[in-house]
Amino acid sequence: DAGITQSPRHKVTETGTPVTLRCHQTENHRYMYWYRQDPGHGLRLIHYSYGVKDTDKGEVSDGYSVSRSKTEDFLLTLESATSSQTSVYFCAIGIAGLAVADTQYFGPGTRLTVL
Amino acid sequence: DQQVKQNSPSLSVQEGRISILNCDYTNSMFDYFLWYKKYPAEGPTFLISISSIKDKNEDGRFTVFLNKSAKHLSLHIVPSQPGDSAVYFCAPCDRGSTLGRLYFGRGTQLTVWP
Numbered sequence: 001d002a003g004i005t006q007s008p009r010h011k012v013t014e015t016g017t018p019v020t021l022r023c024h025q026t027e028n029h030r031y032m033y034w035y036r037q038d039p040g041h042g043l044r045l046i047h048y049s050y051g052v053k054d055t056d057k058g059e060v061s062d063g064y065s066v067s068r069s070k071t072e073d074f075l076l077t078l079e080s081a082t083s084s085q086t087s088v089y090f091c092a093i094g095i096a097g098l099a100v101a102d103t104q105y106f107g108p109g110t111r112l113t114v115l
Numbered sequence: 001d002q003q004v005k006q007n008s009p010s011l012s013v014q015e016g017r018i019s020i021l022n023c024d025y026t027n028s029m030f031d032y033f034l035w036y037k038k039y040p041a042e043g044p045t046f047l048i049s050i051s052s053i054k055d056k057n058e059d060g061r062f063t064v065f066l067n068k069s070a071k072h073l074s075l076h077i078v079p080s081q082p083g084d085s086a087v088y089f090c091a092p093c094d095r096g097s098t099l100g101r102l103y104f105g106r107g108t109q110l111t112v113w114p
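Protein sequences, first through last, are from chains Y and D.
Each residue of the first sequence is one higher than the one before, starting from 1 at the first, in this note's numbering.
Each residue of the second sequence is one higher than the one before, starting from 1 at the first, in this note's numbering.
To be clear, the hints were calculated from the coordinates, so they are not data collected in a lab.
If you're wondering where the values come from, they're calculated on a predicted model, not measured in any experiment.
Do not take every clue at face value.
[What the hints assert, rightly or not] Residues from chain D shown here face chain Y by an in silico Cβ test under 10 Å; the list is partial:
| id | residue |
| --- | --- |
| 1 | Gln14 |
| 2 | Tyr36 |
| 3 | Phe46 |
| 4 | Phe65 |
[Claimed, not checked] Quick list of simulated restraints, FRET-style, between CB atoms:
| id | chain 1 | residue 1 | chain 2 | residue 2 | range |
| --- | --- | --- | --- | --- | --- |
| 5 | Y | His41 | D | Ser74 | 18 to 24 Å |
| 6 | D | Asp59 | Y | Ser80 | 40 to 46 Å |
| 7 | D | Gly16 | Y | Thr20 | 36 to 42 Å |
| 8 | D | Met29 | Y | Asp62 | 23 to 29 Å |
| 9 | Y | Thr5 | D | Ser69 | 30 to 36 Å |
| 10 | Y | His41 | D | Ser28 | 41 to 47 Å |
| 11 | D | Ser12 | Y | Thr86 | 45 to 51 Å |
| 12 | D | Asp59 | Y | Thr5 | 24 to 30 Å |
| 13 | Y | Ser80 | D | Glu15 | 47 to 53 Å |
| 14 | Y | Glu59 | D | Asp59 | 26 to 32 Å |
| 15 | D | Ser69 | Y | Ser83 | 40 to 46 Å |
| 16 | D | Gln2 | Y | Ser84 | 18 to 24 Å |
[Said to hold, decoys possible] Counterexamples of contact, computed for chain Y against chain D with all Cβ distances above 12 Å:
| id | residue |
| --- | --- |
| 17 | Thr20 |
| 18 | Asp62 |
| 19 | Thr86 |
| 20 | Leu115 |
By construction, the Cβ of each residue, glycine as well, lies at the ideal position given by its N, Cα and C atoms.
Whenever a hint applies, use it, and build me the whole structure from the sequences.
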């Protein structure tokens with residue numbers, strides 16, 4: 001158990017509304033990631049963080065922003081939700097091995113539905 | 001452009017037999033390869049990994065083989081058990097580049113029947 005929680009676990013929202021998903025870790029790891037999982041696509045990286053206030057874009061970052069003001073929390077925001085953002089969102093932490101964060105451990109996921 | 005391919009979306013195996021899940025990649029910079037298992041409504045769980053300096057890594061019933069020249073890896077599960085039924089993702093990374101980013105394949109649904 002890597003001590004990762006995600007909230008909310010389920011959310012239904014309407015197109016155009018802002019949505020914030022929270023990822024919380026208890027073990028003070030430096031690296032954190034947000035992924036989305038869609039049928040036929042595996043997991044795709046949205047944004048990642050390598051420290052407080054240090055974030056960068058992944059492969060599917062359009063329409064998303066992130067913030068990390070504390071080591072333990074990594075927030076994912078959909079500024080104006082669209083139906084294409086209906087997905088399951090996973091947060092992960094990276095555990096450093098020989099270099100950087102080579103093994104990631106995932107939270108339980110948030111199922112988001114945008115109507 | 002898909003850098004990681006798991007060409008079998010599903011695999012069905014009888015309990016006690018061997019399950020072999022395959023993964024192909026195109027990026028020669030990948031130097032660390034992970035497998036994750038995912039049950040419905042749960043997050044992916046780290047299963048086993050292998051470094052590019054090895055060609056085999058074993059952990060109990062799970063063995064991962066790496067063929068760098070063919071850019072191919074496989075996960076063997078012996079013997080397969082019904083509790084192994086899940087989606088398996090191959091996820092390589094290039095540890096020398098962007099902060100341990102993983103590149104996920106689309107997954108293979110393994111079903112182990114009694």
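For this structure, which hints from the list above don't hold up? Structure breaks hints 1, 4, 7, 9, 10 and 11.
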